[in-house]
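*Asks:* Residues per chain, in single letters:
Protein chains: 2
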Amino acid sequence: MEVEVLSIGDELLIGQTVNTNAAWMGERLESQGWHVARCVTIPDEREVMLEAIRQAESRAELVLITGGLGPTRDDITKHVLCDYYGTSLVRNPGVEARIVSWFERRGREVLQVNRDQALLPEACVVLDNPLGTASGMWFDREGGVTVSMPGVPYEMEHIMSEGVIPRMRSVLEANGRSPRRAHRSLLTMGTGESQLAVRIEDLETGWLSKGIKLAYLPSPGSVRIRLTAEGEAVGELDAAHAQVCSRLQDYVVTKNGETVVQALADLWKKEGWTLSVAESCTGGGLGAALVASPGASQYFLGGVQSYSNQAKSELLGVPPEWISEHGAVSEPVARAMAEGAKSALHAHFGVGITGIAGPEGGSDQKPVGTVFIACSGPNGTQCEVHHFGRDRTRNLGMTIRAACRLILEVGRSNSIVMNSGAKGVVDSL
Amino acid sequence: MEVEVLSIGDELLIGQTVNTNAAWMGERLESQGWHVARCVTIPDEREVMLEAIRQAESRAELVLITGGLGPTRDDITKHVLCDYYGTSLVRNPGVEARIVSWFERRGREVLQVNRDQALLPEACVVLDNPLGTASGMWFDREGGVTVSMPGVPYEMEHIMSEGVIPRMRSVLEANGRSPRRAHRSLLTMGTGESQLAVRIEDLETGWLSKGIKLAYLPSPGSVRIRLTAEGEAVGELDAAHAQVCSRLQDYVVTKNGETVVQALADLWKKEGWTLSVAESCTGGGLGAALVASPGASQYFLGGVQSYSNQAKSELLGVPPEWISEHGAVSEPVARAMAEGAKSALHAHFGVGITGIAGPEGGSDQKPVGTVFIACSGPNGTQCEVHHFGRDRTRNLGMTIRAACRLILEVGRSNSIVMNSGAKGVVDSL
Chain S
263 MEVEVLSIGD ELLIGQTVNT NAAWMGERLE SQGWHVARCV TIPDEREVML EAIRQAESRA
323 ELVLITGGLG PTRDDITKHV LCDYYGTSLV RNPGVEARIV SWFERRGREV LQVNRDQALL
383 PEACVVLDNP LGTASGMWFD REGGVTVSMP GVPYEMEHIM SEGVIPRMRS VLEANGRSPR
443 RAHRSLLTMG TGESQLAVRI EDLETGWLSK GIKLAYLPSP GSVRIRLTAE GEAVGELDAA
503 HAQVCSRLQD YVVTKNGETV VQALADLWKK EGWTLSVAES CTGGGLGAAL VASPGASQYF
563 LGGVQSYSNQ AKSELLGVPP EWISEHGAVS EPVARAMAEG AKSALHAHFG VGITGIAGPE
623 GGSDQKPVGT VFIACSGPNG TQCEVHHFGR DRTRNLGMTI RAACRLILEV GRSNSIVMNS
683 GAKGVVDSL
Chain Z
263 MEVEVLSIGD ELLIGQTVNT NAAWMGERLE SQGWHVARCV TIPDEREVML EAIRQAESRA
323 ELVLITGGLG PTRDDITKHV LCDYYGTSLV RNPGVEARIV SWFERRGREV LQVNRDQALL
383 PEACVVLDNP LGTASGMWFD REGGVTVSMP GVPYEMEHIM SEGVIPRMRS VLEANGRSPR
443 RAHRSLLTMG TGESQLAVRI EDLETGWLSK GIKLAYLPSP GSVRIRLTAE GEAVGELDAA
503 HAQVCSRLQD YVVTKNGETV VQALADLWKK EGWTLSVAES CTGGGLGAAL VASPGASQYF
563 LGGVQSYSNQ AKSELLGVPP EWISEHGAVS EPVARAMAEG AKSALHAHFG VGITGIAGPE
623 GGSDQKPVGT VFIACSGPNG TQCEVHHFGR DRTRNLGMTI RAACRLILEV GRSNSIVMNS
683 GAKGVVDSL
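Protein sequence lines correspond, in order, to chains S and Z.
Residue 263 is where the first sequence starts when you use our numbering, and the numbers rise one by one after that.
Residue 263 is where the second sequence starts when you use our numbering, and the numbers rise one by one after that.
Some hints could be false.
If you anchor each label on the Cβ, the simulated ranges turn out as follows [said to hold, decoys possible]: (1) Asp626/Z - Ala477/S: 45 to 53 Å; (2) Glu264/Z - Gly348/S: 25 to 33 Å; (3) Pro355/Z - Glu419/S: 46 to 54 Å; (4) Ala504/S - Phe365/Z: 36 to 44 Å; (5) Glu583/S - Gln560/Z: 24 to 32 Å; (6) Lys532/Z - Asp512/S: 50 to 58 Å; (7) Glu419/S - Pro333/Z: 32 to 40 Å; (8) Thr282/Z - Glu307/S: 22 to 30 Å; (9) Glu576/Z - Asp390/S: 41 to 49 Å; (10) Glu371/Z - Lys472/S: 34 to 42 Å.
I should point out that these hints are in silico values taken from the structure, not numbers from a laboratory.
Virtual Cβ for every residue (Gly too), placed ideally from N, Cα, C.
Please build the complete structure, drawing on both the sequences and the hints.
*Replies:* This is how it looks when you write it as C-alpha cells:
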C-alpha cells in the first residue's frame, strides 16, 4: 500500500523544527509492509494545503497529515479539511469532556479556544488523543483514507500506534489484502552494509525465490539487517535468520535485533552485575542512554562527569601527572577513568570515555574525533581508540554507541570466563 | 524569493535517516530573507524525480536538490539531471585531481567509481566540495536556478554557505532585488499556547492588519513565539516584538528565541562562572544537553551521576539519614545534591536533580513524574518540585528543560544582585 505524508507547518519550513515525524512514520509504516512514497512539507496556507491534499490523494491510498491542529489562529488544518470534504464542524461532547478533565488534572483553566478543540468535522471518525487536546481525524474517501493528526511527536505517535495502524490493518484485512507476514532482525557493528551484503549474497539469492526479503538499515556505527517473509515463507524465516547470524557472526552484536543498550541491560541484570561510568567529552550522554530504558537502577550505579581535569583527578583518582604527560585524551587516562569509576561507585564494571568532540581542540597527533574508551571489569581493563569525524554531534553519538558495544563485549567475555569455571566476576570483588 | 527543497533518498522515506538538511536549509535561507515554500522528499526513482523537478521549477525561483550523488548504482541524480536539461556528462580534470588527492590523503585506494564522480553535466557550473567527493551542480534555467548537492549534511552545508548563497545573492543584487521579510522570536515557559494567545489576542488583531503574523511553536514544556513581517511591516517588527515581550513577561525565558541552553551558556561565559551537576533520574542527560553545544568546557566542570543512594552520600555528601527519612526523591536530598555538586567540583553553581521517571517507583504521595530540581549558587539554594506525567522519556526530557530554566533563572538573579552592588558571586567563593 502506498502512503504519502503531508507535514503542515511554517516552523518546519523555516527550520525551527526538524521533521522527525516523517522519519518515525516511515519506519513504523515500513514495518507494516506499507510504503511511504513521498513526504511533502507545506506552510499553514489554505490554498497550498487544498492543492497538496488533492495531489496526495490522487497518488496514495493512505494520506497522513500532521500539524496545524493547535488551538491558536495559525492552526487551520481542521477548517481546510471541512472545506475540502464539504463537511462542517460539530461539537463532540465526549472529546470536550476529555479536554476539560485534561486541564483540570493539570490545575489549569480551560479556555474557550481549548473547548473548541472539541469542534470536529462531522464527516470524520475521531481518533482518541489521551496525551493532548487535538484529536486525530480519519476520513474515508473514494480510493482510500486520509488521516489528520497533531504535529506534536508523542501525540502523533500514540494516535498512529493505537488508532491509525490497527484501523488501517482492519480495513486491509476486510478486503483480503493483509497477507501473513513476519520479520526477524539482527544488529551488526564493525563493518559496512556493502561488506555484509557480499558475505551473504548467495543466501539472499536463494531466499528471494522462496519469498524472503532482506533489508539493510544502516545507522552511524551499526547496520541492522531485517528479514521479512510473506505467506508460506514465514515457516522458513527462523532457519534463514539462523543462517545469516552464523555467516556474519564476527559482526553480529545482537541476534534478535535489540539495541546494544537493551542487550547489555539484560546481561547485567541476568548476571547480577553493576556498572558505573566516567564521562568526559560525552558529559553524561552514556549514562543518559543507559537510564533511558526503565529498570536501569537494577544495574547502573551512576558515575562521574569528569569534564574538567580537576574532576578527573579528584573524583576518579587519575594522577594529574598522567594528564600532563599523556594529555587528558589518552589511553592511560581513559583506563584510569574506567578504574576510578569502578572503584568510586563500588561497581563490578567501570567505563571511561575521553575524547575530542570538536570542532575545536584537535591537533595533528590527536585530530578532532579522536576518542579513547576503556572498560574495566574484574578480569582487567580493555581500551579502544576511535577516530570519528569532524562533526561534534555525530562524534558524541558514535562515542556512546561504541562505548555500549565495548561494555557488552567485555561483559560477554566475562560471562564466558565465569561459565567455564574460571574465576567468576562476582567472586572477585 | 521562493525556494523549494527536493530531498532525494529512500533512506529518508523509510525513516532510516531524519531529514535534518531541510531544517538546516530552511533556517539558513530564512536568515537571507528567502522563503522556503515547500520541501518534498522522494525516492531515487527516475520518473518520480523528473516530475518532481519539473513541478518544483514551475513554482520556485530557486530549487535545491540534495542526495543521490554517491558513487554506487542506486545514486542516479546526476544522470536524471542530464536527461532533464538535455546535457551530457563530461570529465572535469580539476575535480578528478581533487578526488584522487582526497583518497590519497586518507591512504585509501581510488576506485574507478570514485574517479567517475568527476563526470559532471556539461551544462552546469561546478560548486566545489572540499569535504567529500560529490560536487555541487548549479544550473541556470529560465526563471531561476536549480542546484544539486550531496545529501551528507556537512558537505551540503559547506556548498550552501560557500557556493549557493553567495552566488544567489549576487544574482539577486545584479537584478536589484533585496529581501523583504524578517522574523523575531521569543521563548516562553510555564504556560500553554492558548493561555499565551489570549493574553496577546488584541495585539495580534492589530498587527495582522499591518502585515505582521504570529505563530506559536510548542514543544514539551515551552512555547516559541515567532513574529513575521513582510514588506513595509518589517519596520514595525521590533516594536511588535517588544510589545509581546512586555505583555508576556512572566513567561518569557529568552527574548531572542535562543534555546535555554544557549542563553545559560552565554550568561555563564559572560560572567566567568562555572557550573556543575548532580543527576539522579536523568543519569547524565543534563550534562549531555550542556556539552551538546561547542565551547561548554568554558563553564561546565562536570558532575556526579548519583543514580544509587550510595553515590549520593559518598560522592556528594548527602547525609544517608536524610535519604532514609525523606526519601531519595525529596527536597532536602535535591538541595544537598546541588550543594554537593558545587563543592565536589569547586564550581560557582551546582544543580541537583532527583525524581521518579517511571514507569515503576511511584507512590501515592510521590507519583511517577515527581521531580525535585535544586540549583545552588553563591546566594543560596533554590528548589522546585515538578509533577510531570506518566511517560518516562517525556519526563526525562521535561526534567532537563526545567533544570536549564531554573539554572538560567538563578543565574540571572545573581547577575542582578552583582550588578546592583550586593555581594558578587565570584567574590563569595
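*Asks:* Look at each hint and say if it fits the structure.
*Replies:* Okay, the hints, checked on the actual structure:
Separation of Asp626/Z from Ala477/S is about 47 Å and conforms to the stated range, judged on CB atoms against 45 to 53 Å. Distance hint for Glu264/Z and Gly348/S: a CB-CB separation of about 31 Å, consistent with the stated range 25 to 33 Å. Distance hint check for Pro355/Z and Glu419/S: the Cβ-Cβ separation is about 51 Å, which falls inside the suggested range of 46 to 54 Å. Taken as a hint, the range 36 to 44 Å holds for the pair Ala504/S and Phe365/Z, whose Cβ atoms sit roughly 39 Å apart.
A C-beta distance of roughly 25 Å is found between Glu583/S and Gln560/Z, which places it inside the suggested range of 24 to 32 Å. Distance hint check: the CB atoms of Lys532/Z and Asp512/S are about 52 Å apart, consistent with the given range 50 to 58 Å. Between Glu419/S and Pro333/Z the C-beta distance comes to about 36 Å, which sits within the given range of 32 to 40 Å. Thr282/Z and Glu307/S have their C-beta atoms about 24 Å apart, which keeps the hinted 22 to 30 Å range intact.
Roughly 48 Å separates the CB atoms of Glu576/Z and Asp390/S, a value that falls within the hinted 41 to 49 Å. Between Glu371/Z and Lys472/S the beta carbon distance is about 37 Å. The supplied range of 34 to 42 Å therefore holds.
Comparing the model with each earlier hint shows no violations; every hint is respected.
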